[in-house]
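Following our numbering, the numbering of the sequence shown begins with 2 at its first residue and continues without gaps.
Just so you know, the hints here were simulated from the structure itself, not pulled from any lab data. Computed from a predicted model, the values in this text were never measured in an experiment. Ideal Cβ positions, reconstructed from N, Cα and C, are used throughout, including at glycine. Don't take every hint at face value.
[As the list claims (entries may be wrong)] Okay, the calculated beta carbon distance ranges per label pair: (1) P44 with P163: 24 to 30 Å; (2) A18 with G99: 32 to 38 Å; (3) L117 with A63: 28 to 34 Å; (4) T114 with D288: 46 to 52 Å; (5) D161 with L4: 23 to 29 Å; (6) T114 with G34: 44 to 50 Å; (7) A106 with R294: 34 to 40 Å; (8) P163 with Y223: 37 to 43 Å; (9) L308 with G135: 47 to 53 Å; (10) A210 with A15: 34 to 40 Å; (11) E102 with A315: 30 to 36 Å; (12) E254 with G89: 37 to 43 Å; (13) E166 with G216: 18 to 24 Å.
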Amino acid sequence: MDLVPIDDIRAAAADIAPTVLRTPLLRTRWDDGLWLKPENLQPVGSFKLRGAIHAIARLDPARRERGVVTHSSGNHGQALAYAARAAGISCTVVVPEGAPEVKIAQIRALGATVLLVPPARRLAEAQRVAAETGAELVPPFDDRRIIAGQGTIGLEILDDLPGVEVVLVPVGGGGLSSGVATAVKALRLSTAVIGVEPLLAADARDSLAAGRLVGWDVALTYRTCADGLRAGLSELTLAHLRERLDGIVTVTEEEIRAAVGRLARDARLVVEPSGAVAAAARLFRPDELPAGRTVAVLTGGNVDPALLADLVTA
2 MDLVPIDDIR
12 AAAADIAPTV
22 LRTPLLRTRW
32 DDGLWLKPEN
42 LQPVGSFKLR
52 GAIHAIARLD
62 PARRERGVVT
72 HSSGNHGQAL
82 AYAARAAGIS
92 CTVVVPEGAP
102 EVKIAQIRAL
112 GATVLLVPPA
122 RRLAEAQRVA
132 AETGAELVPP
142 FDDRRIIAGQ
152 GTIGLEILDD
162 LPGVEVVLVP
172 VGGGGLSSGV
182 ATAVKALRLS
192 TAVIGVEPLL
202 AADARDSLAA
212 GRLVGWDVAL
222 TYRTCADGLR
232 AGLSELTLAH
242 LRERLDGIVT
252 VTEEEIRAAV
262 GRLARDARLV
272 VEPSGAVAAA
282 ARLFRPDELP
292 AGRTVAVLTG
302 GNVDPALLAD
312 LVTA
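Work out the full structure, taking the sequences as your base and the hints as a guide.
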């Protein structure tokens with residue numbers, strides 16, 4: 002399969018520069034060898050804005066005028082709604098039932114039309130809307146434009162910490178991890194890129210071990226509090242991870258929740274469970290990780306306030 006090259010990620014960096022925040026690297030006070038990449042500070046609260054802005058920028062004007070549609074548990078939907086509003090076009094987001102209400106409300110607040118469907122119907126419904134309206138389907142991860150946009154995180158990490166030895170990146174559908182691994186490996190082959198996913202949604206671990214897509218039923222993946230990591234890989238993202246990811250570790254629900262609390266108390270960062278898994282790996286699974294200067298990507302901060310309050314005081 003033809004993989005995304007580093008030149009596409011460099012082009013994406015130019016496309017998104019006027020809109021996307023270049024997040025800093027923050028050194029932690031509890032671990033001298035750990036830096037945090039806080040993508041929760043983006044205007045929509047997650048890294049997803051990078052891919053969404055890039056995808057819309059790459060549409061020809063005629064296609065752009067017809068609007069965009071996607072399926073998302075929340076963060077990609079918010080990002081695409083934000084990007085569509087900035088471009089002055091319509092946006093429809095198909096959201097699986099059970100997604101956090103705080104994310105659904107934010108999608109609507111950004112002017113998008115929200116369609117709630119059973120989780121197994123999310124892709125089919127988005128495809129239906131695209132076919133009936135002519136809107137451009139912008140998937141949350143199974144798209145070269147999205148992978149390139151998310152890969153700009155890798156460029157920024159290497160710019161800010163050229164001697165980074167380990168990059169920890171959450172894995173859901175694989176768009177982020179594919180892009181970051183592509184950028185890092187192209188520019189610093191010796192740096193290890195390690196994926197992190199919830200133990201209760203470890204389809205990427207199983208897929209990489211088997212060398213083929215291994216799907217998990219939604220009844221299993223919906224057990225994890227990391228709602229943004231419930232999606233499985235695609236053939237495109239699996240191809241990238243097989244070629245460019247150095248390994249994958251899993252973290253438990255207890256570890257994820259503890260990491261959210263630790264980040265809020267000690268780093269003063271509001272991070273949702275999905276966004277905290279990379280930090281959880283460094284906190285609780287150091288023996289499973291390579292040694293050296295490490296960056297943990299914090300992917301988002303769109304957490305339910307009640308859940309955050311519970312985890313901060315736990």
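Results for each hint:
| no. | hint | result |
| --- | --- | --- |
| 1 | P44 with P163: 24 to 30 Å | holds (28 Å) |
| 2 | A18 with G99: 32 to 38 Å | holds (36 Å) |
| 3 | L117 with A63: 28 to 34 Å | holds (30 Å) |
| 4 | T114 with D288: 46 to 52 Å | holds (47 Å) |
| 5 | D161 with L4: 23 to 29 Å | holds (25 Å) |
| 6 | T114 with G34: 44 to 50 Å | holds (46 Å) |
| 7 | A106 with R294: 34 to 40 Å | holds (39 Å) |
| 8 | P163 with Y223: 37 to 43 Å | holds (40 Å) |
| 9 | L308 with G135: 47 to 53 Å | violated (39 Å) |
| 10 | A210 with A15: 34 to 40 Å | holds (37 Å) |
| 11 | E102 with A315: 30 to 36 Å | violated (22 Å) |
| 12 | E254 with G89: 37 to 43 Å | holds (42 Å) |
| 13 | E166 with G216: 18 to 24 Å | violated (33 Å) |
Going down the numbered hints, you'll see the structure goes against 9, 11 and 13, while the others check out.
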